[in-house]
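When you get a sec, could you build the whole thing from the sequences and use the hints?
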Amino acid sequence: MITWWCVALEKPWTWSWIPYPGIWIATLLPIAGYLVAVRRHPRPIDWRRLALFLGGMAAFWVASDWPLGALGAGYLASAHMLQFLLYTLVAAPLILLGTPEWLASRLTSRLRIEKAVSWLGRSPVTCAVTYNVILLATHAPATVEVLRRSQIGSFAMDILWLVAGMILWLPVRSPLPEGRVGSVWVRMLYLFLATGVVAIIPASMLTFTTNPVYAIYELAPRVGALSAREDQQIAGILMKLATIPVVWTTIGIMWFRFARQEEARA
Amino acid sequence: VHLAQIAEVLEQYPSLERETAVVFVSVDPQRDTPEVLRGFLDKFSTRFVGLTGSTEELRAAQVAADVPPATITGQGPDYTVDHSGWVIAYAPDGLGHAIYPFGTRQSVWSNDLQTLATITGESG
Chain C
36 MITWWCVALE KPWTWSWIPY PGIWIATLLP IAGYLVAVRR HPRPIDWRRL
86 ALFLGGMAAF WVASDWPLGA LGAGYLASAH MLQFLLYTLV AAPLILLGTP
136 EWLASRLTSR LRIEKAVSWL GRSPVTCAVT YNVILLATHA PATVEVLRRS
186 QIGSFAMDIL WLVAGMILWL PVRSPLPEGR VGSVWVRMLY LFLATGVVAI
236 IPASMLTFTT NPVYAIYELA PRVGALSARE DQQIAGILMK LATIPVVWTT
286 IGIMWFRFAR QEEARA
Chain A
38 VHLAQIAEVL EQYPSLERET AVVFVSVDPQ RDTPEVLRGF LDKFSTRFVG
88 LTGSTEELRA AQVAADVPPA TITGQGPDYT VDHSGWVIAY APDGLGHAIY
138 PFGTRQSVWS NDLQTLATIT GESG
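Going down the list, the sequences are from chains C and A.
According to my numbering, the stretch in the first sequence is residues 36 to 301, in order.
According to my numbering, the stretch in the second sequence is residues 38 to 161, in order.
What the hints contain is simulated information worked out from the structure, not anything from laboratory work.
Here the structure is a predicted model, which is why all the values come from computation and not from measurement.
Cβ atoms here follow ideal geometry from the backbone N, Cα and C, with glycine treated the same way.
One or more hints might be untrue.
Stated by the list, open to error - Here chain A is said to cover these stretches of chain C; the calculated rule only asks that three of the stretch's residues, wherever they fall, bring their Cβ under 8 Å from a Cβ of chain A: (1) 242 to 248; (2) 253 to 261.
Stated by the list, open to error - The calculated lysine to any residue pairs, modelled on SDA-like cross-linking and capped at a C-alpha distance of 25 Å, are: (3) A:K80 x C:S262; (4) C:K275 x C:F243; (5) C:K46 x A:Q67.
Said to hold, decoys possible - The following residues of chain A were derived to be distant from chain C, with all beta-carbon distances above 12 Å: (6) R84; (7) Y116; (8) T152.
Pasting the structure below:
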């Protein structure tokens, strides 16, 4: 029987490759749609944007497919965390950066969500709250236990993480210019607060709790020499520290661009 | 999985570790030679004890402990052994007070092992 999406396997881990066609379809369909759209568009292809989009989709594929997807679905809390970070901090912002304005406008208007997306991008508080609610909900032991045991649940969790990542980055880098926060200061403050405050709660819980919190990873056959608790501690540390280079690099870039603009204006 | 959980709990409570003996009983004497057993248990703790014996002795031990006896399926080098994944906890009074099936969480071991260590013949 074909397994379409990575799910908890409940058998000893082996490095034997497993195909997950659902993940390939979910990766290739948006790429094909993007390529068809940019080829049909009268403007020449923006190769930089295309590379960013493909980079985002590659991150989505790496996070979802074997081996990381399979390890995160049923074996290691640290792999589960790495998946979350790849979706929210790499795939989502790269996809947004790689989507040209005309394509985002066309897509959102066809889906009749253009106004909602623009409004969301101008509402950093709503985006921060939504992102953090998804973060807390999808790292709750009960949610992980239920969703990772079925292909549909596992698929829902992965897509929800990608959507959460897009919501997080909308105020900073929405492809729709009218759907972004105008002030650079607010953007920088938003990014810092949205990623660095609430995440401390689950990250600390995972790092400092005496016993493993996720039954699915605790009772899974061990991968390598890592105990369930050590694996969970790595997950907690990743959650807290991995955001720092991405967020602070972005804040740094925003700051230098802003300073350069001010200098030019002066 | 259970050996890893128990090793982790005992590592957290050194006094409990000194008072606890973890004994792993093989049900596959053909494959589980003393060397193999020792190598396996050392992955969790060098203090864990491994026991093996003849097929008859191991069957008698399983019956005595009320554990469903293991069954061997297939022949040749690829035979499989179906066995229970139970852990039986004996308290200092010498009685088996609890049976833990597969799926028992580490938090349960953490709580129960400390309680079991306090049960002596005098405490009733």
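Now for the hints, and whether the structure bears them out:
Look at the stretch 242 to 248 of chain C against chain A: 3 of its residues bring a Cβ nearer than 8 Å to a Cβ of that chain, three or more, so the hint holds. By the rule of at least three residues with a Cβ nearer than 8 Å to a Cβ of chain A, the coverage given for the stretch 253 to 261 of chain C holds, with 6 such residues. Between K80 (chain A) and S262 (chain C), the direct Cα distance comes to roughly 11 Å. Compliance with the 25 Å bound is thereby established for this hinted pair. This hinted pair checks out: K275 (chain C) and F243 (chain C) have alpha carbons roughly 12 Å apart, not beyond 25 Å.
Of the pairs offered as hints, the one joining K46 (chain C) and Q67 (chain A) holds, with about 24 Å between alpha carbons and a cut-off of 25 Å not exceeded. Every beta carbon of chain C lies more than 12 Å from that of R84 (chain A), the smallest distance being close to 16 Å; the non-interface claim holds. A cut-off of 12 Å between C-beta atoms confirms that Y116 (chain A) is not in contact with chain C; the least separation is 18 Å. At roughly 16 Å from the closest C-beta of chain C, the C-beta of T152 (chain A) stays outside 12 Å, upholding its exclusion from the interface.
When the structure is compared with the earlier hints, no violation turns up for any of them.
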